[in-house]
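Chemist: Residues per chain are reported as follows:
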Amino acid sequence: MVIDRAWRGLGPGLDSLSGPGGAPLTRTVKLIVLPLVVRPSLHPELAADFLAPPQAARLETLIREAGARLVATAQWFTLLKKTRRALGIVAGNPQDLYFQLCFELATEHEEPSNGAEAVARAALVEVANAAGGRTVEALKDHLADDVRRSRLDGDLAAAWESRQTAPAGDADVAARAAAQAAASVLEACGAPGPERDSASFEAMVEGGHGSLLGRALWARAGGGVSGAVSGAVPGGVPGGVWGRDDLPAHLKLTEHLVPPRPEVGRGASTATLPAPLDRTLFERLFVVLQSSVRREELPTVPELVRREVGRSCAPLGLHDESLRVAVVLGGRLAVGLDPLGDGDSVPGRTAAHRAVNSRWQREASVLRARRMTVSPRPDPDGGVLDALARDLRTPWVAYMRRLWVRLHGRDVRDAPLNDMASAWALLDGVARSVMMDHRARVRAALRTLSATAAPTVAPTAAPAAGQRSS
Amino acid sequence: MPEAGQDIQVTRAEDGTVDGTVRVGDEPAGPDFTRAVLDVAGAVLTWPVLGAPGAPGLPTAHVHDAGRAQQWLWALYGERVADAVHDCATGTPSGASAGVTVAVEAVEAVEATTLAGGAARLAFGHWASRWWPASYMEGTAGLEPGVLGLELAALTHRCHQLFDTAFDDQPEPDDCAAELIAEHQTALDLLVRWWLAPSQPADTARHLDSVLRLIDDAADSAGLDGPALRHLRASLDQDQPRPAGTPVDLGTLFARPRGYALAAGEPLTAGSRVITRGTGGNDWRRYPPGFVDAAEDAVSWTVRAVGARRRIEVEVVADVAAPTAGAALVAEVRVDGDRAVRVPLVLRDDLWTGRADLSSLGLDLDLGPDRGLPSAAMPPRIEVGVLLPGFDPGPGAPGDAAHRDAVRALARQRLAAAARPSPYAGAFPEPFLAEIAAVAAVEEDF
Chain L
1 MVIDRAWRGL GPGLDSLSGP GGAPLTRTVK LIVLPLVVRP SLHPELAADF LAPPQAARLE
61 TLIREAGARL VATAQWFTLL KKTRRALGIV AGNPQDLYFQ LCFELATEHE EPSNGAEAVA
121 RAALVEVANA AGGRTVEALK DHLADDVRRS RLDGDLAAAW ESRQTAPAGD ADVAARAAAQ
181 AAASVLEACG APGPERDSAS FEAMVEGGHG SLLGRALWAR AGGGVSGAVS GAVPGGVPGG
241 VWGRDDLPAH LKLTEHLVPP RPEVGRGAST ATLPAPLDRT LFERLFVVLQ SSVRREELPT
301 VPELVRREVG RSCAPLGLHD ESLRVAVVLG GRLAVGLDPL GDGDSVPGRT AAHRAVNSRW
361 QREASVLRAR RMTVSPRPDP DGGVLDALAR DLRTPWVAYM RRLWVRLHGR DVRDAPLNDM
421 ASAWALLDGV ARSVMMDHRA RVRAALRTLS ATAAPTVAPT AAPAAGQRSS
Chain R
1 MPEAGQDIQV TRAEDGTVDG TVRVGDEPAG PDFTRAVLDV AGAVLTWPVL GAPGAPGLPT
61 AHVHDAGRAQ QWLWALYGER VADAVHDCAT GTPSGASAGV TVAVEAVEAV EATTLAGGAA
121 RLAFGHWASR WWPASYMEGT AGLEPGVLGL ELAALTHRCH QLFDTAFDDQ PEPDDCAAEL
181 IAEHQTALDL LVRWWLAPSQ PADTARHLDS VLRLIDDAAD SAGLDGPALR HLRASLDQDQ
241 PRPAGTPVDL GTLFARPRGY ALAAGEPLTA GSRVITRGTG GNDWRRYPPG FVDAAEDAVS
301 WTVRAVGARR RIEVEVVADV AAPTAGAALV AEVRVDGDRA VRVPLVLRDD LWTGRADLSS
361 LGLDLDLGPD RGLPSAAMPP RIEVGVLLPG FDPGPGAPGD AAHRDAVRAL ARQRLAAAAR
421 PSPYAGAFPE PFLAEIAAVA AVEEDF
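Chains L and R are the protein sequences, given in the same order.
Position 401, counted from 1, in the first sequence is what the working numbering calls 401; the numbers after and before it change by one each time, with no gaps.
Position 370, counted from 1, in the second sequence is what the working numbering calls 370; the numbers after and before it change by one each time, with no gaps.
Think of the hints as simulated: they come from the structure by calculation, not from any bench.
Idealized CB from N, CA, C, for every residue including glycine.
Keep in mind that a hint or two might mislead.
Partial chain R-side listing against chain L, Cβ under 8 angstroms, derived [to be verified]: (1) H64; (2) G67; (3) F163.
Bound conformation, chain L alone (with noise of 0.2 angstroms):
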């Protein structure tokens, strides 16, 4: 509120960076004003959610003295905007990609003036260009050659014989232990307030917890469906890891009994990935090169692929402890979903569930007002809808898969998990993107089944927005 008066204060001139009512952009504000004008790490007493007056005062101070520059920024996104039509660049949300630099030009060059021209088409072209080779069309170059091919193949080879594995009744006892130590975090998750404590996170990683669970699958451990369908797995635990007998250990992190050494791979595509451990090594970066934002803070393309030898032959294909911890975690939270809100009572839900669960009742009441519902009970006549009900009952799969992919994009950057708060919000994002995903598939489904056979137009040069990856 404080920001909004401020800006308006600031007059006119600002309309690229407003909204239509004259008020910043939620961009504006999240890209330009508080990170390169109020700067919360220089002022932390402007970083609360509530300002009394004299922070309040220093703020809309420093947005009014950052007026000026501000104006420039605008009349460069205008320039840049007009730039990037004229050499027919179409990919990303401009604001995203150029909002920042923007500010950047208009520091060093106030606003644009005499060749200004010539400095928005170089600076489109080095955004263009930042990420530097990091792209799947080198990824594909790099693994074509058959000599690397073959060198890989035998690295991976000798990584996977080298793994660590433990006899099949000490890592389920051992991921079984894991999975309780997981419920008391994700109880403290839910602790409101903000004084969390990230003891029992921190005790997990240095208790290697991540790692039991990762050996508990290549020893096959866990009883559950693969206990079901082989006879039970000797020494294993009644109840499963996950404490419900119908469930195998991986929850689908793998179609396997156990996961399999990965392969090299030539190719992917995002309509027919595998489960995330039965990917090849290039599927497993297709899916980091493809929906990077920020690519340029990437390895490059041979040092990615080479360090992902060791990663994919690494527990849960993850090299940090923390993120595989966040797996035990997902693993523990994901169980007890109830999307469909039968109330099936599965033991042991904790607040982080009760969090989870009251945002699906929450959805499934806006998706009813909308219209777009899916019968809640198994119906054979259903068709595609009964399929994604389906896919409903059984959320674990639909949560891991994107869990993991979070997390390997985070092991990619060597970005951890350092405190409870940050696994959390993680968590409960990925949470949010399966509901999303959901939504997404009843639209389409209920688009397609209410397309008329009569000849429509096909919609011109539909914008690939809103895209998500697997």
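Given the coordinates of chain L, assemble chain R onto it according to the supplied hints.
Modeler: Relative to the frame of chain L, chain R by itself:
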């Protein structure tokens, strides 16, 4: 819109779990199809559709992320409510979990009332795109999805303050201006032609102008491009002075894809005799929009005696835009409260029809002692519903029919207002472009 003196309840959800939900306003009542909802940053907003027309009032907010919601709470409800939500969510300062009543102060800032009005309109538009009770039988014109979708894109852009987007985060599903524009690009040329047409009522011209400029701005912000958008931009650019476009006839512009002639039922089977017939059971919640005419008696059925067999025939009047291929509806038939059985329906012309032999379905009609005549005292009670398998959330509440009537009345009222010579005047909320177009298209029909 916020009015001084109005009281608003701010309550923490009973379950009091993690980051417990804070509710602003009263718990919404009424069936699903009477609620206009909006997914915004940190909250879900709900307005009653059947509230006082012209004054949508303030929504109920279920705030699940008070921090993110702060970006708009103050502008929608005023500062005091924003403070109360903050206190409630953080459990400060005292006894906040019990909830507080906040007297809404007059929201002075112009943008605040604009936001409240825009949000209510956006939510209503989303509602209309799903529940608008289009009915040939009752003469309630349907709304062109493209025209409505584009106006929703414009409104979404106008209400950008409600949404919160960041790099790694997924946007709220209703923050979909770009998707709506992309989806309905083909309708964009229609709107441009409408806008360029001379002899436009001034209000309509203004309305079109504002929608198109918002779309252009939204597309520009999101980096969308395409022939329709370029054409729009070029048209907007040369607006000074306004070029005389070709006169267009709205009726032709928005003509419905096909004529409508209710097919007569199939000729009676020789030797058959009607035992009983009836109508009803049109629960909108059980199938997606665009399948069935919204009239209450769009669903009708006849039970015939054909020799010794008892046959039920179900006829459902289709929506004008019903899909001719793909999904198939079924009728759910229940005799005397027995187990329901399904009869598949096929769309032929303007009717979904299906028939079934009742006894082979395991349904017995009590036809009286002579097994030939229904007993006059105890006619079988037959209930027929129509639904899409896999979609059907289950039957609604018995009182829903009255709410459906109210929704039909609302739609008729709005269309009547849109048909007036000056549809923008008066107490009624400004009509949607799709409503103006719908009225024009209907006038063309008659």
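Chemist: Double-check F163 (chain R) for me: the hint is only fine if its C-beta lies closer than 8 angstroms to a C-beta in chain L.
Modeler: Given a least distance of 6 angstroms, the restraint on F163 (chain R) holds.
Chemist: Holds or violated: H64 (chain R) as interface residue toward chain L, Cβ cutoff 8 angstroms?
Modeler: holds (6 angstroms)
Chemist: If you take the shortest Cβ to Cβ gap from G67 (chain R) to chain L, is it below 8 angstroms?
Modeler: holds (6 angstroms)
Checked against the numbered hints given earlier, this structure breaks none of them.
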